[in-house]
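Student: Chains A and B, in that order, are what the protein sequence lines are.
The opening residue of the first sequence carries number 772 in my numbering; numbering runs sequentially from there.
The opening residue of the second sequence carries number 1087 in my numbering; numbering runs sequentially from there.
Derived DEER-like restraints, expressed as beta-carbon distance ranges:
hint	chain 1	residue 1	chain 2	residue 2	range
1	B	1265	A	833	20 to 26 Å
2	B	1292	A	1398	33 to 39 Å
3	A	1398	B	1318	39 to 45 Å
4	B	1141	A	780	53 to 59 Å
If you want the ones that stay clear, here's a sample from chain A, every Cβ over 10 Å from chain B, calculated:
hint	residue
5	962
6	1118
7	1199
8	1360
9	1384
10	1489
11	1491
12	1511
13	1645
Residues of chain B placed beyond 10 Å of chain A at every Cβ, according to the derived structure:
hint	residue
14	1097
15	1186
16	1327
I should point out that these hints are in silico values taken from the structure, not numbers from a laboratory.
Backbone N, C-alpha and C fix where the C-beta goes; we use that ideal spot for every residue, glycine too.
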Amino acid sequence: MFASLSFATSWILAGLVVLPLIWWLLRVTPPAPRRVAFPPLRLLHGLRATEQTPAHTPWWLLLLRIIVAALIIVALAGPILGGGASPGSGPLVLFVDNGWTSAHAWADRQTAITDALTNASGPGRPVAIVPTAADRAPAVTLMDSGKAMRSARGLVPEPWLPDRKKAAAVLAASHFSTPPDIVWLSDGLDYGDASATARALSRIGHLNVMGDTVGRLPLALRPERNEVDGFATSIARAGGMGGRRGNVLALGSRGEILATAPFRFAAGHDTASAKLRLPLELRNQTQRLAIANEDSAGAVRLLDASAKRRAVGLVSASNAQSEQPLLSDIYYLERALSPYADLHKGTIGDALDRNVSVIVLADVGRIAGSDRDRMVKFLSDGGVLIRFAGGRMTEAVDDIIPVKLRTGGRYLGGALAWASPQRLASFPDASPFRGLAVPRDVTISRQVLAEPSVELGGHTWARLADGTPLVTAAPRGKGWLILFHVTAGPAWSSLPLSGLYVDMLRRLLLLGGGAHPGDVGFNSATVLPPLATLDGFGRLQKPPADVLPLRGAQIVSAKPSASHPPGFYGIQGSERALNAVDADMQLKPLGDIGAPIRAYSSAAAMDLQPWLLAIALLLLLADGIVSLWLRGYLANARRWLVPGTAVLLLLPGAPDFLSARASDLDREAALDTRLAYVITGVGDVDQMSKAGLTGLGLYLKARTSYDPKEPVGVDLDRDELAFFPLIYWPIDPRERDLSPRALVKLSDYMRNGGTILIDTRDQSSGAGGNGPGQQALRRLIGKLDVPPLQPVPPDHVLRKSFYLLQDFPGRWDGGKVWLEALPPPDPDARVSPARGGDNVSPVIIGGNDWAAAWAVDASGQPIADVAGGDQQRELAVRFGVNVVMYALTGNYKTDQVHAPALLERMGR
Amino acid sequence: MGESFWQFRRYASEDPASAIDWRQSAKSQHLFVREREWEAAQAVWFWRDASATMQYKSPLAEITKCGRATVLALALSSLLLRGGERVALLGRGERPWSGRTALPRIAEVMAEAPAQETALPPDAPFGRNAQIVWLSDFLSPRADIEAALNRLSSAGACGHLVHIIDPAEEDFPFEGRTRFEWLGQSQSELFGRAEFVRESYRERFIAHGEEVSTLARRLGWTYLAHRTDNRPALALLALYSAIGGEAERRTG
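The task is simple: from the sequences and hints, build the whole structure.
Tutor: Structure below.
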């Protein structure tokens, strides 16, 4: 705890050396005597008392006074508990690990940066911020603390790992006039470069290292195994200290939670496992797995189409061969497919009954009777039928085959054959197998032959070195019909013994998900454009503009980086996932790096000065009472007690002043219509709210007829809310819970027609989100009677109350905005261009951090950077105008839509 | 006081008209006053010390020493005047007063009297055979008191010393670290614990009282100590009988 104690002006502590002097002075100065007027003074002259009062003050009183003096000196030095670096004179360099490993506790970093900058905000002290996971080559720019603060607000964790070596090298290359103070805000992990980095930084300047406490080190979600009954996940942590528990979630594409499984790290272990049990249908809807409450890209596994499990029906004509499994076709198919699919063995009818998406027929010559009709329907509905040739097929075959076959087969390498067994040719470009490596040792010794025709080439997905088709395929309805011209077992070829067999079958399984064959395969030259990428917090977003497409050759080996952040690449339906964590990811905590590591304190820096001064004051009071007692004044203590008690009783009367302030605020609020924000008690958030509403007020004044006066902050506990049509409420995890009184007030306010604009400021959306703001929101208003919500429908009046708006960006873009669900539209009524309820929605919830986008400083200049630049800021302002208009005018705009109709009716 | 004839003398303007012997005056051009034996000799002269130390009142007392001295002086005057005696204030230059009107005048003069600088009686004329009542706390140096007493005695007076004592002065009830000081006296006395000097102080104080008493007896004066927290009646009674006794001694 004391490790994080720092002093604002530490030189004052030098004053502690005068304490012995004070001790000596106090010792030689006896307490002042009582003065008494006494006429026979002459008679007293020359008397000697037999015993004098000790001229020395008692030692415990001396000690008390010394403590008071020490407390005052320490308090003047401005002790700060927690927080960032101690101020020095040189430049301040913040060396920030901003990989995904920092994202789970990013608020700690922000607090530490803010504290360090606040402490550093001496006159003209330059500050540089060096992120180790920069998207560009980091540049060391010295800024003043104000600009650094803005830059720090824009700093976000990136979804890849930090490259400390590069950042340290850049820092070493830049020139400082005096050795800088370096604060390394580490992620607490060692990638093998930690001590080298620490050494390099120590050479540049004075190094302070901050790291997470062991219990808060990041977790990583290793690649999952898609097993028969669910996902088996493995979670890695850094260091094995203590137990730790948590949950793993399976999330659908809209963020809905499909399953939850707990995991627990045993003490001393750095790996835990959890099994998410899910039925197959739900498993295939799973878009990602995530560790609950661990908002980082490393705690998210994206699942692409190849991870989906298909239900596959296996049908073989010869069921009686199970006593010789190595000769059975089914055995090889089962071994190849079972890791990737749920297999159902049986007859064709059984497989169709089980609603499979892929059916594999091994050496079935004819599909007979009703099975045939059902099979045709299965294909036209989108099913995939994979047939393997065999002895039966050479004799008689039905018409459910992609190409016409010759009767009889072809032997290669037999005693009477003229040709040796054939190898495979490389796969054609149109084939889903393209890009798969062709092993040299796969030979085909027997096959069924296709009747040559013009379109045969187009139907061929694989052929032998001499050009004869090995795999042919043809679409049937929405489905695909695929024929392997060899057996599923090793009787005709060595293909089933090779890995290629498995890969080919996996590609074909993808067709069962509706993918186009051209998209399923890729070769080294295929370009996979980014579809959606993760940010550092593990949220999917539109890929930033500087993300490069992946090459097919890279998809297996690519490491996440600035040009290839983790995410989905490829084409919708057959996308490939690039994840932040791969199977051999090891997390190692920072060991001994030659510098002490201070822990981030989750609490904000606490200024101890007022407390120390208060203690000193109390001790002084005690000292005064003791002195009075020593001088004998307390004999008539009763006379002192009364005024003393009166003073003590008056002190709690101080809230009277506050209530006086409250009534002032009520008067001001009642005289003018003002915008209001909730005072969260978190300083920077409140400042931003005030600046934001001030900025919005300026825009409103310039663009509308409404001229709001200066915005006011309201305290939900104390202030009357009824005067405000709209209250902006930013949500911050540091906010305290609402008191029951505040909850009642809020409910009344919402019921009586007020509107609260809640801003979680974390860009999240949706009910299942787990952003820090969302969690705080749930904690804060969980007990509140909130009406049913829906995302803003396209025809809602909020989109049209002043400007016509498509979406509602703030500082961020993309978060969904929710408000009270409208009653369903009346299907009989004419289509109305705008809908709103009879009332204004009591609550509007979003997470785009609007206040930051609106915020202006005293000179009217924007304070915060907006992700999308001026264009997005303009849209944010328009949203603000719309919200205010919506709150002020209610359903007036909706009614106005009917104005032409009403006028027409009046004219008639 | 006397009844037998002593002499006629010419009337002076300050003589009351009732003192004129009209029979004798009718025999000549002038007015004559008949004087009787001892008549001018007996008067009681008061000296009430009103110096700064006399203005002291400790929390234990209800009245200042000066106040108590004034009360005693007035009460005694009242008793004497009722008995037909004459009363005067030393240092005020007036001849002794008598009669009913005298008491208010004495009170008026006493009330108006400014706080004297000096605690000792002034070198003022008084009639022969005067009795002097000296009310004071006798805190002046012993030599000064002795000189004043000698002077008064040599002028033919004798009388009574009334030692007015504040209870705090005698009992010394102080405790703890205390600095004793008095107006106009530059030095002060500091005691770490006042209670430890109480005994030696009281010895000194009693010795001081005895010193004054001894001085008085040697010259034939009486000495009476009076604490301001005691009832003044006792002191008054003792004083009155002392004055009566002295008068008897002289006439007898």
